[in-house]
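Student: Counting in this note's numbering, the sequence shown tops out at residue 134, every number present.
Simulated from the structure, these hints should not be mistaken for lab results. Be a bit skeptical, because a hint or two may be false.
What the hints assert, rightly or not - Across the chosen pairs, the derived CB separations fall in these ranges:
{"id": "1", "residue 1": "LEU97", "residue 2": "VAL70", "range": "12 to 22 Å"}
{"id": "2", "residue 1": "LEU32", "residue 2": "ASN78", "range": "26 to 36 Å"}
{"id": "3", "residue 1": "VAL127", "residue 2": "THR37", "range": "23 to 33 Å"}
{"id": "4", "residue 1": "GLY86", "residue 2": "THR52", "range": "15 to 25 Å"}
{"id": "5", "residue 1": "GLY36", "residue 2": "THR85", "range": "40 to 50 Å"}
{"id": "6", "residue 1": "ASP83", "residue 2": "ALA34", "range": "42 to 52 Å"}
{"id": "7", "residue 1": "VAL116", "residue 2": "LEU81", "range": "15 to 25 Å"}
Unchecked claim - Think about it this way: if two alpha-carbon atoms lie no more than 16 Å apart in a straight line, the pair counts; the simulated EDC-like pairs of lysine to aspartate or glutamate are:
{"id": "8", "residue 1": "LYS44", "residue 2": "GLU55"}
{"id": "9", "residue 1": "LYS119", "residue 2": "GLU89"}
{"id": "10", "residue 1": "LYS44", "residue 2": "ASP83"}
{"id": "11", "residue 1": "LYS119", "residue 2": "ASP72"}
C-beta: ideal position from N, C-alpha, C; glycine also.
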Amino acid sequence: ALTVVCSRSTANAFTLIERPLVFGPVGLGHGQTFRFNAANLLADGTSNNFQLKIFICQGGTIQELTNSTFTLQPGQSFVYDFSADQNQLLFDQTGRVEILAILIALHGPPEIVGGIITGEIFDAVTGKTAFLVPAVIPRPSNQ
-8 ALTVVCSRST ANAFTLIERP LVFGPVGLGH GQTFRFNAAN LLADGTSNNF QLKIFICQGG
52 TIQELTNSTF TLQPGQSFVY DFSADQNQLL FDQTGRVEIL AILIALHGPP EIVGGIITGE
112 IFDAVTGKTA FLVPAVIPRP SNQ
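The whole structure should be built from the sequences, with the hints applied where relevant.
Tutor: Below, the structure written as structure tokens:
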């Protein structure tokens, strides 16, 4: 079932995950970190429950590396870092690791009302952002 998520040739690739936000696939090299950021800017209101999954997508296969569940309360933020160097066994022969991050809303819509969600790649030594990773909401297979 997980290979369906990464498949580009399947018309209904995201039918098993209800309206996720997808970041990538994107390549990381030595010294780079993928950072997922979420912030609920409302002072009061509804909290949001999410699951963040990081996959490795190399050689036509997909494997889940990590799975984190979090609740984003009004006025709070959440940061998750995935360091390429902490996963050296996953590098290919060119020194890259290809990852895919998927954010799933556990209750309600995938968007945070009054919130911001971003993905970025930054240099672990300098802290400088190298690239902002756009999020995509895949269209359901029946549209």
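Student: All hints are to be evaluated individually against the structure, with a verdict given for each.
Tutor: Structure-based check of each hint:
1. LEU97 with VAL70: 12 to 22 Å: holds, 19 Å
2. LEU32 with ASN78: 26 to 36 Å: With a Cβ separation near 32 Å, LEU32 and ASN78 satisfy 26 to 36 Å, so the hint holds.
3. VAL127 with THR37: 23 to 33 Å: holds, 24 Å
4. GLY86 with THR52: 15 to 25 Å: Once the Cβ atoms are compared, 19 Å apart, the range 15 to 25 Å for THR52 and GLY86 holds.
5. GLY36 with THR85: 40 to 50 Å: Once the Cβ atoms are compared, 46 Å apart, the range 40 to 50 Å for THR85 and GLY36 holds.
6. ASP83 with ALA34: 42 to 52 Å: holds, 46 Å
7. VAL116 with LEU81: 15 to 25 Å: Holds, since VAL116 and LEU81 (Cβ atoms, about 20 Å apart) stay within the stated range.
8. LYS44 with GLU55: holds, 7 Å
9. LYS119 with GLU89: violated, 20 Å
10. LYS44 with ASP83: At roughly 21 Å apart (the allowed maximum being 16 Å), ASP83 and LYS44 break the hint.
11. LYS119 with ASP72: holds, 14 Å
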